[in-house]
Amino acid sequence: MLARLKSNWSYLAIASLFVVLILAPFHWFLGQYTTLMIFIGIYTIVTVGLCLLMGYTGQVSLGQAAFFGMGAYISAILTTTYGVNPWLAMLAAAIMTGVFAYTIGYLIFRLKGNYLAMATLGLGLIMLIVFRQLNPVFGEPDGIPGIPSLSIGGFAFDSPFRMFFLVWFFCLVILFISQNLVRSRIGRALKAIHGNESAAESLGINVTQFKVKILVLSAVYASLAGSLLAYHVPYVGTQPFDFMASVRLVVMAVIGGLASVWGAIFGAGATRILSDHLLLGFGDWDVVVYGFILVLVMIFMPEGLFVKLKELFERLQLRYRKKGAGP
Amino acid sequence: MSSAQFVQCLINGVTPGSIYALVGLGFTIIYAVTKIINFAQGEFVMLGGLVAYTLIHRAGIPLVPALLLSILIAAAVGAAMYLLAIRPPKKASVVSLIIITIGAAMFIRGIAGQELTKDFVSLPSFSGEEPISFLGAHIDPQVLWIIGAMVVVTIILHLFLNYTMVGKALKACAINPVASSLVGINPKTMALIAFVLAAAIGGIGGVVCAPKISMSYQAGVMLGLKGFVAAAIGGFGSPVAAVFGGLLLGIVESFAVWISWGPFTSDYKDAIALVVLLFILLLRSGKLAEEERTG
Chain A
1 MLARLKSNWS
11 YLAIASLFVV
21 LILAPFHWFL
31 GQYTTLMIFI
41 GIYTIVTVGL
51 CLLMGYTGQV
61 SLGQAAFFGM
71 GAYISAILTT
81 TYGVNPWLAM
91 LAAAIMTGVF
101 AYTIGYLIFR
111 LKGNYLAMAT
121 LGLGLIMLIV
131 FRQLNPVFGE
141 PDGIPGIPSL
151 SIGGFAFDSP
161 FRMFFLVWFF
171 CLVILFISQN
181 LVRSRIGRAL
191 KAIHGNESAA
201 ESLGINVTQF
211 KVKILVLSAV
221 YASLAGSLLA
231 YHVPYVGTQP
241 FDFMASVRLV
251 VMAVIGGLAS
261 VWGAIFGAGA
271 TRILSDHLLL
281 GFGDWDVVVY
291 GFILVLVMIF
301 MPEGLFVKLK
311 ELFERLQLRY
321 RKKGAGP
Chain B
1 MSSAQFVQCL
11 INGVTPGSIY
21 ALVGLGFTII
31 YAVTKIINFA
41 QGEFVMLGGL
51 VAYTLIHRAG
61 IPLVPALLLS
71 ILIAAAVGAA
81 MYLLAIRPPK
91 KASVVSLIII
101 TIGAAMFIRG
111 IAGQELTKDF
121 VSLPSFSGEE
131 PISFLGAHID
141 PQVLWIIGAM
151 VVVTIILHLF
161 LNYTMVGKAL
171 KACAINPVAS
181 SLVGINPKTM
191 ALIAFVLAAA
201 IGGIGGVVCA
211 PKISMSYQAG
221 VMLGLKGFVA
231 AAIGGFGSPV
241 AAVFGGLLLG
251 IVESFAVWIS
261 WGPFTSDYKD
271 AIALVVLLFI
281 LLLRSGKLAE
291 EERTG
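Chains as they are written, first to last, in our numbering: chain A, 1 to 327; chain B, 1 to 295.
The hints are simulated quantities; they were obtained by calculation from the structure and are not laboratory data.
It is possible that some hints are incorrect.
What the hints assert, rightly or not - Capping the alpha-carbon separation at 35 Å, the derived lysine-lysine pairs in DSBU-like fashion look like this:
#: 1; chain 1: B; residue 1: LYS171; chain 2: B; residue 2: LYS35
#: 2; chain 1: A; residue 1: LYS213; chain 2: B; residue 2: LYS35
#: 3; chain 1: A; residue 1: LYS213; chain 2: B; residue 2: LYS90
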């Protein structure tokens, strides 16, 4: 009975999410915040990958913005300088980022914990320096302008209204794929690795291979999101891919509940809304708020804010039901 | 390369190298006692510089008391960070602790940017601007302060760890926290002392380098990273090794910039430290994995 109710609730939640998503880009509904919703969609894609890597598998990445940036830069360079079709460029970026992640994965997963964190941080900063060198070669000193829009046939995704649907289409597809992934054998293997690597290995799970695979997956997600960002803005600079960006992605994953796929929307949403200058006007205080949230969440609910809130909600629901079913 | 250029290059490397060494010392102390990599280590350096600047320019406090006060404030922030953020969680995993120290770093950086200053600032030199000639090279007197501070801190730390009761207790706790708590050493108190020491050393680094390199609230990330490289070269074991790591990194950077070409020298400089970092981590990965298992 409880299970059925619970699933009813989650259907309701998903349905209302869909209603909001469909209405969001109309001007009378959210107005100027359509762009904010696009960014939330894009960051959700990156965050899902990071949740799979950090929350399910227990591997820290402080350089996720590097993959995000690779997607954006490869797409930007291929389309502006070489005139490649945007869709092909996006695919090429995803493949190249995936291959890159695969190559470094075998190297950096010889490290664990603190050292892995530092290695990914270093890698992220190296890629940032590379991006900075690419700017003047393929565009202007500060970035690459004039990236074309994605289009299907004659239909170009050139306005926020159109881009919104494309981004959220990608976002939802990736959320569903990830959801299925974590409920499969692979997801259970990842959780086993998080719990105890030696035990997982003794059960016949190839620990390094799984870690590398999930790194590649998260890198491909980040790359796709990066490409979408490049086609949306349509300008690529280094600012969205610096160290703070990587940390911000970690904040999103932590708020979203590390081990929760759907929490990623919540994490990316809450974080983007916090830094949105129009909506809340925290201005540059957002960094302080992020730091505060990170410390608080990690002290009191290391499984992540969203997961804790969900638990709380379910407990309340249970109590309510008990009252209702009483004599 | 003439001998004068060589000496100049060496000095140009030893100066930032001394700062990296001080940050590396902080990393090593905290890691030895608590097995935590403190991602906020660079923020203490930034705090030392910016707090001193604010005290001098906004509160009108004379240079010397301002410097001492800002080192104390950095140490107090270190203590607060340990007591409020690191100590409360019970049985925190490595990942949680990393995220906590990053959160604390962001918090400190954000507050510094909002409440102290958002500009690039520098302090007045401690003893004039007149360069000193040495073997054909011109040396800013502040450089002598920086190197001197690093040497003095290292010697005092060495004496403290080896010849005082508290220092020996710290070492004991670093070697085996359980056994040391059996002989009456409280590992939590030792961790607090480690954080205060590391923060104070960072603060000292901040105040001595602020006249030479302009400091901003965002400087902590790169300083922290390079200090980490210094500690990693030193192997996270002994403080003296971290100091040599820092000096080595500074000198390598300085010579690499001298031989490199093109307009992006400062970028290349940072890239060197990062590549060194990755190499050391990967070369030592076997030993590091061992440490994580046993430690």
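Mind listing which of the numbered hints don't hold for this structure, in increasing order?
-> No numbers; nothing is violated.
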